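Visitor: So the chains spell out like this:
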Amino acid sequence: MTPEYAYQTVQQTLYVLAPEILLVAVAIVMMTAAPFVRVARKGWCAIAAAALAAGILVLMATRHVDPDVYVATAVNDAMSYYVRLFVLLSGFILLGLAHREPPEDRSAEFFGSFLMIQAGAMLTASANDLILLFVGLELVSIPTYLLLYLSRRTPSTQEAATKYFFLSIFASALLLYGMAFLYGVAGTTNLKALGALAASSIPYFPNASLGILAVVFIMAGLCFRVAAVPLHFYAPDVYQASPLPIAALLAWIPKVVGFVAMIRALTAVLAAREVGDPLVHKVVLLCWIIAAATMTLGNAVALLQSDLKRLLAYSSIAHAGYLMVGITAAFAGGEKGIALYHGAESVLFYLAAYAFMTLGAFGVILALRTRDGRPATTIDDLAGLGWTNRIPALGLTVCLLSLMGFPPLAGFFGKLQIFAAAFSAVDGEEAGSLKLLAIVGMLNAAVGAFYYLRIIVLMYFGTPAEPLVATGGWPVALAAGACASLSVLIGIAPESLSRACRDAAIAANTRPAAAVELPPAVVGSAEPAATQVARD
Amino acid sequence: MATLLAFTVFLPLIGALALVLAPGLDKGAARKIALGTTLATFALCLAFLAGFEPDVTTPQFAAGPDGGPYGWSWLVRPDVRFALGLDGISIWLFVLTGLLMITGVLASWESISERAPLYYAFLLALEAGLLGLFAALDVVLFYIFFEFTLIPLFFIIGLWGGPERKRASIYFFLYTLAGSLLTLLGVIALVVVHMQHTPEHVLTFSIPELTQGLSTLPWDEWYRTDSWTSPQVLIFLLLLAGFAIKVPLFPFHTWLPLAHVEAPTAGSIILAGVLLKLGTYGLIRFNMAMTPLGAQALYPLLAGLCVVGIIYGALAALAQSDMKRLVAYSSVSHMGFIVLGMMAMSDTGLNGSIIQMVNHGLSTGALFACVGVLYDRYHTREMSQLGGMWDKFPLLTFFFIFSAMGSAALPGLNGFVGEFPILTATFAVSPVAASIASLGMILGAFYLLLMIKRVLFGPLVEPGHDGHDHGHGGHAEVAPIGWHEIAALTPLAALILYMGIVPEPFFARIRPAAAEVTQVVAREREAAARVVAGGPAAPSDASVSMLTPATR
Chain A
1 MTPEYAYQTV QQTLYVLAPE ILLVAVAIVM MTAAPFVRVA RKGWCAIAAA ALAAGILVLM
61 ATRHVDPDVY VATAVNDAMS YYVRLFVLLS GFILLGLAHR EPPEDRSAEF FGSFLMIQAG
121 AMLTASANDL ILLFVGLELV SIPTYLLLYL SRRTPSTQEA ATKYFFLSIF ASALLLYGMA
181 FLYGVAGTTN LKALGALAAS SIPYFPNASL GILAVVFIMA GLCFRVAAVP LHFYAPDVYQ
241 ASPLPIAALL AWIPKVVGFV AMIRALTAVL AAREVGDPLV HKVVLLCWII AAATMTLGNA
301 VALLQSDLKR LLAYSSIAHA GYLMVGITAA FAGGEKGIAL YHGAESVLFY LAAYAFMTLG
361 AFGVILALRT RDGRPATTID DLAGLGWTNR IPALGLTVCL LSLMGFPPLA GFFGKLQIFA
421 AAFSAVDGEE AGSLKLLAIV GMLNAAVGAF YYLRIIVLMY FGTPAEPLVA TGGWPVALAA
481 GACASLSVLI GIAPESLSRA CRDAAIAANT RPAAAVELPP AVVGSAEPAA TQVARD
Chain B
1 MATLLAFTVF LPLIGALALV LAPGLDKGAA RKIALGTTLA TFALCLAFLA GFEPDVTTPQ
61 FAAGPDGGPY GWSWLVRPDV RFALGLDGIS IWLFVLTGLL MITGVLASWE SISERAPLYY
121 AFLLALEAGL LGLFAALDVV LFYIFFEFTL IPLFFIIGLW GGPERKRASI YFFLYTLAGS
181 LLTLLGVIAL VVVHMQHTPE HVLTFSIPEL TQGLSTLPWD EWYRTDSWTS PQVLIFLLLL
241 AGFAIKVPLF PFHTWLPLAH VEAPTAGSII LAGVLLKLGT YGLIRFNMAM TPLGAQALYP
301 LLAGLCVVGI IYGALAALAQ SDMKRLVAYS SVSHMGFIVL GMMAMSDTGL NGSIIQMVNH
361 GLSTGALFAC VGVLYDRYHT REMSQLGGMW DKFPLLTFFF IFSAMGSAAL PGLNGFVGEF
421 PILTATFAVS PVAASIASLG MILGAFYLLL MIKRVLFGPL VEPGHDGHDH GHGGHAEVAP
481 IGWHEIAALT PLAALILYMG IVPEPFFARI RPAAAEVTQV VAREREAAAR VVAGGPAAPS
541 DASVSMLTPA TR
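Those protein sequences? They're chains A and B, same order as listed. Heads up, the first sequence is in our numbering, so the first residue is 1 and it goes up one at a time. Heads up, the second sequence is in our numbering, so the first residue is 1 and it goes up one at a time.
The hints are simulated quantities; they were obtained by calculation from the structure and are not laboratory data. Just so it is clear, the structure is predicted and the values come from calculations on it, not from any experiment. The beta-carbon is built from N, C-alpha and C at its ideal position, and this holds for glycine as well. All the pointers check out, no bait thrown in.
Computed list of chain A residues with no C-beta within reach of chain B, every gap over 12 Å:
#	residue
1	Val10
2	Leu167
3	Gly373
4	Ile379
5	Leu478
Chain B regions said to be covered by chain A (calculated; three or more residues, Cβ under 8 Å):
#	stretch
6	66-79
7	137-145
8	152-161
9	174-184
10	192-202
Computed beta-carbon distance windows for the label pairs:
#	chain 1	residue 1	chain 2	residue 2	range
11	B	Arg167	A	Asp427	40 to 46 Å
12	B	Pro251	A	Leu436	20 to 26 Å
13	B	Glu526	A	Arg390	58 to 64 Å
14	B	Gly388	A	Ala465	46 to 52 Å
15	A	Arg371	B	Ser111	36 to 42 Å
16	B	Pro411	A	Ala465	57 to 63 Å
17	A	Val488	B	Gly412	49 to 55 Å
Required output: the full structure, derived from the provided sequences and hints.
Guide: Structure, rendered in structure tokens:
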């Protein structure tokens, strides 16, 4: 590598990361300036929104910068582009939900942290290096601690922040440990190179016994982020104790970050391996168990909840379980399970659908308050809502039906893709267990329908206890309305989102042809490692 | 015609939107809009019936070339299409939906006053879902309509139902949803199997293409057909989960009486008349046509469930004192006949099943409408509180007895036309099942006659007559049967008679499509019988064939 080439690569990487850099820069300026200038909360919120908009423009402007993937730490493939675009767009929704949340004097720090979280999520999507991936994940976590504590300094938020802080640190340590193993067996931190190594036939990578250690620890660290069993237990407590906009953020950002990281660091790396490979076989088993346990636990416990935030927390755990089914399919199918739906593709689609339906539900609940300003906290508070507040109730119904997986809403196509991916991932002997997982998933969806339906029944067939009024102003209304309408719209016309997800999945699983140019010493017995994923 | 078909499906939805969005509609205007929309839709249905060519077996009125792909592209990859079309299996159910919806609107004419626009909007949305389902040629589209029908009926039961309506609506919704999610998996499995094993690895969601493609797969070479490892058995069971609940087959029927009793009259009419047919229609479309070997392997189990359902439903009906509950259990019994007929997998049985679906829709719809007329006046459905209605409502008595006789399969009325071929076909396959099922027919006549005797004959008994009359006259002010009730019942009664006397025009349209299905079934079974030594051979002409010499 010549110095010029290195310089060029660094330059291109910086271009690729320009949107993240911009967001972090704005956040730093906001936080630094806050003690010296007096700007109203509205102003800080507007600055954050402007930064997001500028981020989208920069992202689009740098669309065609493509650094060498075996050198650069960041990639700009379809997955990186679409996920970052989606995170930025969902940022507006979150901003709408949170625009009144922080007190005036701490709003600069609040919105600054929010921008950093956005940047971290985007960084994860574009990372092509284990280290940058970890930086991205931490850039999400650390400002989240701040957010949890900044908006309200009550004992309950204190508890939530402390709980989240310690567990998150613990999860990060696990993740880092797993990444160390991965580096140890491969000798490189570049994810595309790792994938190319896995595709080649060198005997020592992925080593089945060390490889499984790496995968288990990385999986454990990410399971915390996505709230999957066995590291799910913090979610209900933290959601309940934190204010609603923060709970909405926690239900969405860590999930997208965690699953995108799983695709980047695990499924895409092992994509070249068949399910017959001993390592992949074990990983599929691991994911199978996590998926089945997460779905079942989330749905079963959600049945017992009457607190809205706890219910949504367990619902988000259940959805993490469905998403894990997609991850299992992605592992099992490798590059071949692409004909109907690829596992990674279905995960990305489901994430998008999940964003709208969950954020929409949070948004409506956030807006509803009793006349004396008490927020709606239990499902009984929503009784009779269908006749007192028609539009919010309709929006919430749409989001709940979508969460239920009811056609033709976004959630239906998400579930269809996930389970179709599980069904078509492999054929032969391994297929049975994946089909069984799909059946378990469907039964879970049926159980899950009950607690969503219970809310709908209360809203329309119940008698109102205490009249609620929709508050929150136009940003909340706009955000929740956009979520509900997009849930319908994606259900009716899923084509464009589906295509973006497919492009992203193909891009994530493709190794460029340059893989064959690795030094023979590394590649070992030469077998063309570059397997281009068939487009159809 | 293709565009018109799509328009017909969405026309009720347009009416529903108009009802919801128009401000300040009162009961009178709302029901007029609803009646107008259902009449217009029915007129379009009749236009399709008139244009339907009996001998064409490919879907008719579908957009696109004759051999497919039909419809308009909806999702490019995988190729999910918005494809609508009608064939011999669906055309009569399509028309039946249009007709029963008018009955439904007329049956609600006076009885629904609270939130009337919303009520009729849900009724029309339900119609759109049902029409779309019967016309769907794409499995995803089929599934979407299948699920979509849940929502309107859920609200109709939950908002305008009886005292237990909340429980009934939840029960109905969850039970059906749980089954249909498994059906979705079965459908996905069909698509995946088709994709993985056809020579060109075609990924298609089109129902006609799947039916053809799956029948050419070498199922028999992979597995023994009569073992539980056969892939068709697993897929069959997944598909069955949703349809068996919808039908409902015997152990899955528990939601039905509850939903019927709590639903308003129109809800019951549509539920029994059309919604239950979604199950049997799905069974023919998917279970019979796409996984016949699974049906063959599971025949003893399914026939057993049907027979138990027939007898159990009849006995349960016999024990009821509530008229609606009685008719609901009689549905369990009659739907058992329909499934039993198709399970025989012969032309005769399938023809009988399909026509019996229409018959059951007409006669049960009429029975529920009659019960509704009495309920509107006396607010009770208890047979012990009613009696001697003959004197009070002679016309209603006529309709009541007429539809009960149709339901009891009196020769000359429509029920006989359906149940006779079903029993004939079943006898060819399993004489035991046929014999026990015939017993169900006798019981059927028994409980229906018993209901007629108690409610219509004898001395006049009216609730509120015996002592606790609340001063507002009770029976003295009971309204006579109104024009809308006569208008609701007359077409049904006419069709009950017409189908009983002249069934040929109905069979003529069903026969070619049914033959198509049985051919697929026979082909797979013969191939399987060749491979599996000693496997049960397909009874080709053992049964009395319904084929005319021309089509034979």
